[in-house]
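**Student:** Chain residues, written in single-letter form:
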Amino acid sequence: MQVNVKIKRFNPEADKRPYWAEYQLEARPTDRVLDVLNEIKWEMDGSLSYRRSCAHGICGSDAMLINGVNRLACKILVKDLGADIRVEPIRGLTVQKDLIVDMEPFFDAYKAVLPFFINDDPAPAAERYQSPEDREIFDDTTKCILCAACTTSCPVFWTNGRYLGPAAIVNAHRFIFDSRDQGADERLQVLNQPNGLWRCRTAYNCTEACPRDIPITKVIEEVKRELLWRRA
Amino acid sequence: MAVRPKTLNQAKATYSSNSELAWWVFMRISGLALIFLVLGHVFFNNIQVNVADVDYAYVAERFSKSWVKIYDSFLLGFAMLHGANGLRYSIEDYIKKPGRRFWTKTILFTVVGIIFILGVMTLWAYSFEEMGEAIRALPEG
Numbered sequence: 000m001q002v003n004v005k006i007k008r009f010n011p012e013a014d015k016r017p018y019w020a021e022y023q024l025e026a027r028p029t030d031r032v033l034d035v036l037n038e039i040k041w042e043m044d045g046s047l048s049y050r051r052s053c054a055h056g057i058c059g060s061d062a063m064l065i066n067g068v069n070r071l072a073c074k075i076l077v078k079d080l081g082a083d084i085r086v087e088p089i090r091g092l093t094v095q096k097d098l099i100v101d102m103e104p105f106f107d108a109y110k111a112v113l114p115f116f117i118n119d120d121p122a123p124a125a126e127r128y129q130s131p132e133d134r135e136i137f138d139d140t141t142k143c144i145l146c147a148a149c150t151t152s153c154p155v156f157w158t159n160g161r162y163l164g165p166a167a168i169v170n171a172h173r174f175i176f177d178s179r180d181q182g183a184d185e186r187l188q189v190l191n192q193p194n195g196l197w198r199c200r201t202a203y204n205c206t207e208a209c210p211r212d213i214p215i216t217k218v219i220e221e222v223k224r225e226l227l228w229r230r231a
Numbered sequence: 000m001a002v003r004p005k006t007l008n009q010a011k012a013t014y015s016s017n018s019e020l021a022w023w024v025f026m027r028i029s030g031l032a033l034i035f036l037v038l039g040h041v042f043f044n045n046i047q048v049n050v051a052d053v054d055y056a057y058v059a060e061r062f063s064k065s066w067v068k069i070y071d072s073f074l075l076g077f078a079m080l081h082g083a084n085g086l087r088y089s090i091e092d093y094i095k096k097p098g099r100r101f102w103t104k105t106i107l108f109t110v111v112g113i114i115f116i117l118g119v120m121t122l123w124a125y126s127f128e129e130m131g132e133a134i135r136a137l138p139e140g
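Keeping their order, the protein sequence lines are chains U and S.
Per numbering that gives the first Met the number 0, the first sequence starts with residue 0, numbered consecutively.
Per numbering that gives the first Met the number 0, the second sequence starts with residue 0, numbered consecutively.
Same shape as in the complex, but just chain U:
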């Protein structure tokens, strides 16, 4: 099928402001948007820049704003979008070139919530046992691939870059509710800052944007309640 692709492009060395570039090409309905972008870059315009790595929806490199919704270019098919495809960089982070944004603020927020296992007890001989029920509590949040689709769909993050954002809270949740972990108090202290957890206004954009189907808003509310019960 013939597709009409509009891409918001920006080259900081040549352009004053972003502009829309249009490309017409043949694509199969079962092609992914990433295939279409590859076709444009490899066959039509080599200057187009975007991130991609695994191309199988697990590395989290190619989150983009596609037809108004944050998604992974390697997961959305052409037939699900129709003949008109509009691709923009994810919002709220500085565009470096075309569809590539500066992810550093995103990862700074991620690092701030100590997203690693904290347990100072000596490791037992066999294993740190965890029941299947205890593992189930934080199962959803283990699925995050740090693609930033949630954080950059958040209207609070767009205007307030100091907000940690949904992705950081999701990754804090993954360890706060881990029965083997002992760092919950430190993480909750970070999240209890004015620009930590409390800027969330439950807009639900993050939940809709997540390519891993993590119920992010529900997760954030669980962390809020945990803070409430611990501090009350």
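These aren't lab readings, by the way, just hints derived from the structure by calculation.
Please note that the accuracy of each hint is not assured.
As the list claims (entries may be wrong) - Here are the in silico distance ranges between beta carbons for each label pair:
(1) G98(S) x E103(U): 22 to 30 Å
(2) P154(U) x W102(S): 21 to 29 Å
(3) E103(U) x R100(S): 19 to 27 Å
(4) Q181(U) x L7(S): 27 to 35 Å
(5) E129(S) x D184(U): 57 to 65 Å
(6) R100(S) x K110(U): 23 to 31 Å
To be verified - The list that follows gives simulated cross-link-like pairs (lysine-lysine, DSS-like), each with its CA atoms no further than 25 Å apart:
(7) K74(U) x K96(U)
(8) K217(U) x K74(U)
(9) K5(S) x K110(U)
(10) K78(U) x K40(U)
(11) K96(U) x K7(U)
(12) K95(S) x K110(U)
(13) K74(U) x K5(U)
(14) K142(U) x K223(U)
(15) K95(S) x K15(U)
Unchecked claim - Which stretches of chain U does chain S cover? Using the computed rule of at least three CB atoms under 8 Å from a CB of chain S, they are:
(16) 152 to 159
(17) 197 to 210
(18) 220 to 229
As the structure is a computational prediction, the values presented were derived from the model and not from experiment.
A virtual CB, placed ideally from N, CA and C, is assigned to each residue, including glycine.
Chain U is fixed; fit chain S onto it per the hints.
**Tutor:** Frame of chain U, contents of chain S only:
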């Protein structure tokens, strides 16, 4: 992890208060309370009486009752604090320069404070009975 802060910036970084948590809880409780307070207000002033019949005498008679004063105090307090805190949330998000943010919040809190004080004075420090008599004593026209 317990490092003693040595400079003001370090102290700020380690400082933690539960104020945002408290406001979050307050917003939920006051929001729920306001639904019923406002519905009650609509019932007493728009359904129980015809709006066209509401005049000074009716208002003065209402405000002379203690339970109305208490009811309206809750309505005033919850509405002002709930609304002001909601505006504060928007200011925190949308005004990026710290100085401008500080002054905008200062102005907001001042205006809210003045309206709140005026409301409390109207409810509790104003004699509707005496004013009613004074108005009736004025010559016609």
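**Student:** Tell me if the beta carbons of P154(U) and W102(S) are separated by a distance inside 21 to 29 Å.
**Tutor:** Since the Cβ atoms of P154(U) and W102(S) sit about 24 Å apart, the hinted range of 21 to 29 Å holds.
**Student:** Are K96(U) and K7(U) close enough, with their CA atoms no more than 25 Å apart?
**Tutor:** Cα-Cα ~10 Å, so holds.
**Student:** Would you say the C-beta atoms of E103(U) and R100(S) sit inside 19 to 27 Å of each other?
**Tutor:** 24 Å, holds
**Student:** Regarding G98(S) and E103(U), is the given constraint of 22 to 30 Å on their beta-carbon distance met?
**Tutor:** With Cβ atoms ~26 Å apart, the hint holds.
**Student:** For a C-alpha distance cap of 25 Å, please report whether K217(U) and K74(U) respect it.
**Tutor:** With a Cα-Cα distance of about 24 Å, the restraint between K217(U) and K74(U) holds, given a limit of 25 Å.
**Student:** Starting from K74(U), check that the Cα of K5(U) is at most 25 Å away, please.
**Tutor:** Distance ~18 Å between K74(U) and K5(U) Cα, so the pair holds.
**Student:** Straight-line Cα separation of K78(U) and K40(U) no greater than 25 Å?
**Tutor:** Holds, at about 21 Å.
**Student:** Okay, the segment 197 to 210 of chain U and chain S, do three or more residues pass the C-beta test at under 8 Å?
**Tutor:** Our answer is that it holds, as 3 residues pass the Cβ test (under 8 Å) against chain S, meeting three.
**Student:** Could you grab the alpha-carbon distance between K142(U) and K223(U) and see if it respects the 25 Å cut-off?
**Tutor:** Judged against 25 Å, a Cα distance of about 20 Å means the pair holds.
**Student:** Please check whether the segment 152 to 159 of chain U has three or more residues whose CB lies within less than 8 Å of a CB on chain S.
**Tutor:** holds (count 3)
**Student:** Lying within 27 to 35 Å: is that true of the beta-carbon distance Q181(U) to L7(S)?
**Tutor:** Holds, since Q181(U) and L7(S) (Cβ atoms, about 30 Å apart) stay within the stated range.
**Student:** Hey, K95(S) versus K15(U), does the alpha-carbon distance stay inside 25 Å?
**Tutor:** 23 Å, holds
The structure is consistent with each of the numbered hints, conforming to all of them.
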